[in-house]
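Peer 1: For reference, the chains in residue letters:
Number of protein chains: 2
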Amino acid sequence: MRPREFDHDDVLRIAFDQFWRKGVRGTSLSDIARDAGVQRGSLYNAFGSKEALFLQAYERYAGDYLLALQKALGTGSLRKRLTAFFDLTITNFRSGSPPRGCPTTRGLMELGAAEGEGLDEEARQAFAHLISRITALVQDTLSAGAKRGEFKGNPAAAALHIITVTRGLAVLERAYGDEAQLRKIASHTIDLVLEKGG
Amino acid sequence: MRPREFDHDDVLRIAFDQFWRKGVRGTSLSDIARDAGVQRGSLYNAFGSKEALFLQAYERYAGDYLLALQKALGTGSLRKRLTAFFDLTITNFRSGSPPRGCPTTRGLMELGAAEGEGLDEEARQAFAHLISRITALVQDTLSAGAKRGEFKGNPAAAALHIITVTRGLAVLERAYGDEAQLRKIASHTIDLVLEKGG
DNA sequence: ACATGTTCTTGACGTCGTGTCAAATACTTT
DNA sequence: AAAGTATTTGACACGACGTCAAGAACATGT
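So the sequences go chain by chain: W and P.
This note's numbering applies: residue -6 is where the first sequence begins, and numbers increase by one.
This note's numbering applies: residue -6 is where the second sequence begins, and numbers increase by one.
Keep in mind that the hints were calculated from the coordinates and are not lab data.
Treat the hints loosely; a few may be bogus.
For chains that are exact copies, the list does not tell them apart, and a pair is met inside one copy or across any two.
Said to hold, decoys possible - Okay, derived cross-link-like pairs now, PhoX-like style, lysine-lysine, Cα gap no bigger than 20 Å in a straight line:
1) Lys15 x Lys145
2) Lys189 x Lys43
3) Lys73 x Lys140
4) Lys15 x Lys140
5) Lys189 x Lys140
6) Lys73 x Lys145
7) Lys177 x Lys73
8) Lys177 x Lys64
9) Lys15 x Lys64
These numbers were taken from a predicted model, which means no experiment stands behind them.
Work out the full structure, taking the sequences as your base and the hints as a guide.
Peer 2: Shown next as structure tokens:
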């Protein structure tokens, strides 16, 4: 076999960066190929199609992001954990310049759009999967908090509420770009959940 | 002057329908032209560009939608009003088959994506404007409720919280497509806001 | 009634993006 | 050293956006 002339993972990172900056439909394989110093045809050979490349790049990101969230949720009082969780969330989709928004939310609204099922359905599942995993993380954190008497509500309902708010924050970030407002909504949500039970 | 051979408003409606079904980037002007029985060139002549056409179609929709929301928020107890508000919100982005999602949220995540400012910035403002108007409507409703003793929290903060949840619902709808779950989150949010003050 | 002017329509064109294919290439294995 | 296999490369087909010049349809002034 002839060996690959590029690093699989490097290309995935470069591709994700482009997709995140310019959107999936707004990024051409020529862009990625130029940036990665690879021929366009090689990308098709290695990844299959643009959307397949995006999916693989996204899943790479999703794994990293989930680990970071897990870490953020892992120490301190329940309030501290939730605060760290929202912090990381907001920081994440405000990284880069201009802010790149939430990759998951953006991908979900952009790719889930087509009528024909095809690969889009696979993408939708990837996005939904990350959201589910995050929801589970938050729920576990709340359950643990409940055992320690820091929380008295229903962990499942509260986790779902929190996740809904984070998705909403991703949208508002795009609409207004006002980080202070996002943080206010986040701390407000924490108060609600901790005082009232979510 | 030679008269137009098509109805301006009809084309706007047809175009919005297509954009809503297949996304902005996923809809070609050829599609719209065929559907409307108009030549592609005529669309460029009348509307300027694809994004300009989308913007005009979106603003048409936004006006109608805002009126419907205003109506939904206009009668009954505060709880009834908020329930009607969430109902209309969820119904709206679950209309069509397959569910078309929230036009505003989808447009926001899809169009705000480009790096260059250009027309995208104009689009972002249109989306942000509708969200602001809706927030104001909810806030007014809460303020009125406060005067009648049905609500004791901060109307501005509560309205922002509610709007954040509706944007989050738009995203979760796309991820899971589970309407029952959306309704559960919505009624939960209403409880929180009314019992605790948002 | 007819010529003039203005706007809309129509079809051809240029450019760019996706995806496919066959030929050339570089390495591994026998 | 030869055969085999996977990768690279460049050409191609196709569709989408947007532009332009030429033709068509109406309003207006004489």
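Peer 1: Decide, hint by hint, whether the structure agrees.
Peer 2: Hint-by-hint comparison with the structure:
1. Neither within a single protomer nor between protomers do Lys15 and Lys145 lie at most 20 Å apart by alpha-carbon distance, with minima of 43 Å and 44 Å respectively.
2. Proximity of Lys189 and Lys43 under a CA criterion of 20 Å is satisfied in neither setting, with 46 Å inside one chain copy and 48 Å between copies.
3. Within a single copy, Lys73 and Lys140 get their C-alpha atoms as close as 16 Å, which meets the 20 Å cut-off; across copies the closest is 36 Å, which misses it.
4. For the homomeric pair Lys15 and Lys140, neither the shortest alpha-carbon distance inside one copy (44 Å) nor that between copies (47 Å) is at most 20 Å.
5. For a Cα distance limit of 20 Å, the shortest separation of Lys189 from Lys140 inside one copy, 16 Å, qualifies, whereas the shortest one across copies, 24 Å, does not.
6. Taking the closest pair of Cα atoms, Lys73 and Lys145 come within 20 Å of each other only inside a single copy of the chain (17 Å); across copies the shortest separation is 28 Å, beyond that limit.
7. Proximity of Lys177 and Lys73 under a CA criterion of 20 Å is satisfied intra-copy only: 16 Å inside one chain copy versus 27 Å between copies.
8. For a Cα distance limit of 20 Å, the shortest separation of Lys177 from Lys64 qualifies neither inside one copy, at 23 Å, nor across copies, at 30 Å.
9. In this homomeric assembly, Lys15 and Lys64 never come within 20 Å of each other (Cα to Cα): the closest approach is 29 Å inside a single copy and 38 Å across copies.
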